[in-house]
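Student: Next come the chains, spelled out residue by residue.
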Amino acid sequence: QKEVEQNSGPLSVPEGAIASLNCTYSDRGSQSFFWYRQYSGKSPELIMFIYSNGDKEDGRFTAQLNKASQYVSLLIRDSQPSDSATYLCAVNRAGNNRKLIWGLGTSLAVNP
Amino acid sequence: EPEVTQTPSHQVTQMGQEVILRCVPISNHLYFYWYRQILGQKVEFLVSFYNNEISEKSEIFDDQFSVERPDGSNFTLKIRSTKLEDSAMYFCASREQGASYEQYFGPGTRLTVT
Chain S
10 QKEVEQNSGP LSVPEGAIAS LNCTYSDRGS QSFFWYRQYS GKSPELIMFI YSNGDKEDGR
70 FTAQLNKASQ YVSLLIRDSQ PSDSATYLCA VNRAGNNRKL IWGLGTSLAV NP
Chain F
502 EPEVTQTPSH QVTQMGQEVI LRCVPISNHL YFYWYRQILG QKVEFLVSFY NNEISEKSEI
562 FDDQFSVERP DGSNFTLKIR STKLEDSAMY FCASREQGAS YEQYFGPGTR LTVT
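Here the protein sequences come in this chain order: S and F.
Each residue of the first sequence is one higher than the one before, counting from 10 in my numbering.
Each residue of the second sequence is one higher than the one before, counting from 502 in my numbering.
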């Protein structure tokens with residue numbers, strides 16, 4: 010069974026702090042790794058993706074990938090109350106299909 | 502900015518009835534997907550569609566489910582005889598051809614089976 014695991018939280022951080030979200034995956038054939046944000050009752054919204062080991066930065070967000078440890082993380086700098094949501098980690102394998110396999114998500118609460 | 506659209510936003514149906522969920526993917530995208538999310542659970546892959554045929558389907562996607570691209574814009578998911586456990590949010594997603602990694606999601610259809 011190919012699994013993507015996340016700590017369900019809730020993770021609570023004060024406004025302005027760094028939020029750190031973690032994800033592990035079991036399939037060593039996984040190629041691309043995605044972070045989506047989901048507000049309650051809404052659809053997943055892509056934040057960023059990463060496919061090479063190391064860090065990838067986009068504004069306040071940094072994704073980190075370590076394929077040897079099968080670990081991907083998302084850092085949110087200067088957290089804002091509007092960042093409060095569930096953060097979903099998803100992975101796919103190489104190939105044309107690229108279906109996404111999802112974690113359950115981590116609930117983040119940013120407190121003013 | 503182009504976006505994936507889905508209709509209806511909420512569908513209530515009785516057990517055993519047929520439902521059709523509709524999606525309009527982003528116009529230059531060639532890969533289409535259906536996912537579902539039961540309340541409080543993970544998002545689950547149902548089916549992917551490319552070049553007018555199913556490219557992969559999950560164990561969930563049994564004979565009660567079918568997909569169709571009836572014209573150049575719509576992409577539909579049909580459930581022939583709904584069960585209580587089909588109650589979920591159904592998301593359509595689309596992706597460009599080639600090495601593009603990103604899948605863009607529609608707003609979802611909330612299906613409630615009573």
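Don't take every hint at face value.
Stated by the list, open to error - Here are some, though not all, of the chain S residues that point toward chain F, as calculated from beta-carbon distances under 7 Å:
(1) Ser-39
(2) Tyr-48
(3) Ile-56
(4) Ser-61
(5) Tyr-80
(6) Leu-84
(7) Gly-104
(8) Asn-106
(9) Lys-108
Honestly, the hints are just simulated from the structure, not real lab data.
Glycine included, every Cβ here is placed at the ideal spot set by N, Cα and C.
Student: Taking the numbered hints from earlier one at a time, note which ones the structure violates and give those numbers from smallest to largest.
Tutor: 1, 2, 3, 4, 5, 6 and 7
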